[in-house]
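Chains as they are written, first to last, in my numbering: chain A, 991 to 1334; chain B, 991 to 1334.
Keep in mind that the hints are not guaranteed to be accurate.
Because identical chains cannot be distinguished in the list, a pair is counted as satisfied if it fits within a single copy or across any two copies.
Straight line, CA to CA, 20 Å or less: simulated EDC-like cross-link-like pairs of lysine to aspartate or glutamate [stated by the list, open to error]: (1) Lys-1127 to Asp-1138; (2) Lys-1109 to Glu-1001; (3) Lys-1294 to Asp-1201; (4) Lys-1249 to Glu-1309; (5) Lys-1294 to Glu-1071; (6) Lys-1290 to Glu-1018; (7) Lys-1109 to Asp-1002; (8) Lys-1068 to Asp-1265; (9) Lys-1290 to Asp-1009; (10) Lys-1109 to Glu-1064; (11) Lys-1279 to Asp-1030; (12) Lys-1294 to Glu-1018; (13) Lys-1023 to Glu-1003.
Calculated directly from the structure, the hints in this document are not laboratory data.
There are 2 protein chains.
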Amino acid sequence: MNIELMTVKWEDESVILIDQTKLPSKLEYVRCKRYEQIADCIKNMVVRGAPAIGVAAAFGLALAALKSKSKSKEELIKDLEVAYNTLRSTRPTAVNLFWALERIMKKAREGNDIESIKKNILDEALTMLKEDIDVNKMIGFNGSSLIDDGDTVLTHCNAGALATVAYGTALGVLRAVKEHGKKISVVATETRPVMQGSRLTAFELKHDGFDVSLAPDTAIGSLMARGMINKVIVGADRVLKSGHVFNKIGTYQIAVLAKMHNIPFYVAAPLSSFDLKSKPDEVIIEERKYDEVTSIGGRKLVPKGVRIFNPAFDMTPPELITAIITEKGIVKQPYDESIPRLFR
Amino acid sequence: MNIELMTVKWEDESVILIDQTKLPSKLEYVRCKRYEQIADCIKNMVVRGAPAIGVAAAFGLALAALKSKSKSKEELIKDLEVAYNTLRSTRPTAVNLFWALERIMKKAREGNDIESIKKNILDEALTMLKEDIDVNKMIGFNGSSLIDDGDTVLTHCNAGALATVAYGTALGVLRAVKEHGKKISVVATETRPVMQGSRLTAFELKHDGFDVSLAPDTAIGSLMARGMINKVIVGADRVLKSGHVFNKIGTYQIAVLAKMHNIPFYVAAPLSSFDLKSKPDEVIIEERKYDEVTSIGGRKLVPKGVRIFNPAFDMTPPELITAIITEKGIVKQPYDESIPRLFR
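Here chain A stands alone, though its shape is the one from the complex (with noise of 0.2 Å):
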């Protein structure tokens, strides 16, 4: 395990973040000691991916319970909950945050007295990084069948290390892949506007000696077109019971890509990316701002007082997906059977 690329450390009763935002160019860690520091950096992007972001907000609650001076339980579940709000409305669609704050929340209701419900709630945020680390080892394990000796994997955005704690999950099944000793290629896609595939995809790639491409998000249908691309892996930010799957902007098109030149395309995603309560209709899809589309690095790329459509997500419907890889095994459709199956 590379400790370098641990996205999310707790150390020192404090959370220790890598800054996403500076890479590929730097490799730098935030220190945050307050829960409002974590909220800001998910909201900015400091942290991103699904998983990271779970254990981030749930550290966000370890760091609320530390610093809170109440003298009662009920006092403390009552600064707890005012971290909890504000953790809760930073971003709206990926599950695993309200799975994340959930669960501290549960752990912290349980406890009788403020020192224990503080030991108990940091002590369910290190179980949880440590549980993101084996979920992800688990879902490599079994996603590593899917792919053969020689393939050229596409990958969307980035759903590797730096989405999670460590290790990955669709970039974790790759780093199985190549552990169990076969050779493949990937290539990221840019991803915009954000560039996670350019930045960040392409960086701890390359950091773990992958062979590794990168295309811009308009040439993935030529490539698929020409033969050069053999499956395709991406994550998720939500899994319906429909089999329905919210991931970024632009994974959606890459799926209608596949299905339409009969190229496999897998999701990869923990249980705890799994929403089987909600509707496709009632989940809510981010708009971000902006100036992430206007903009690169200072460089106005967009004329004065242009519209900007910015969904952060998109969703792909279950008949586009050949399976779905999770740490309890692989499923496939009809996903509204197979997936109820997974959490009984």
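Once you have looked at the hints, place chain B on chain A.
Here is chain B on its own, set in the frame of chain A:
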């Protein structure tokens, strides 16, 4: 006609080009006095767009003739052939470049003496400049019947005034639609990596008072799935007799997505963009340089040592194209019958 947005002009024995690499921040002009400058401007995309490249190259030969110190017709033709070869090798995909150079060389060979040849070449280039605007207006007139009041039309790259001498091909159709009093909205794609959609299409449509929005290339499928696009119209760098269209990278996948969502997909191109001889696999797809993808405005986006795919164009097969709009009328499938009829 807005003279400010004349992409190519002839003035005081010089060619004046809008410097498209500076847009949308600055509207600046480059003055070319030698054909080598024209060649550099085409290579570096100071001037781009198939029809604009054609006319600029024609003026390149006019400059070569003007500067030639030849004493005989044979010497002049030899000088012109040197310039022809330099200009011809600037970009390999758009066919208007070759069409324009051949047309000027034919005119040159027809002349009897040095002075008449020089005059004929310049007259021919000036005719081509004027013709380009007339042709675009005819394309606009012919295509406007295909767009309805209230439509939201997606366009990719820039097939506008800035891709031609003025008025545009695909955007010429939209200008004609607006002149006919129909209200439409336009969605421009960013068009990574060179961002012609953000920098040029959004600029010129905003300049002319269109209702224009910008979408990252990753959001196109999602916008279509949400019912936010009614029609697609793009330009072309080369159209084959079979109806295969070579255009800016990303066109092919937009055509696939349009088909999948039952959205009409139109191509607007002058007859000078048609190549009735080549087969699909004979067309060279230009692979452009690394740093178009790896950095924007000095900001490094990609870690060192990552391989880059940067094809400038892709091929859209005829079955994805609803109609092709030319100055001689609209053609539909089967293209191998309807396209040759345009040239009779």
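Exercise. Hint by hint, which ones does this structure get wrong, listed from lowest number up?
Worked result: Hints 5, 8 not satisfied by this model.
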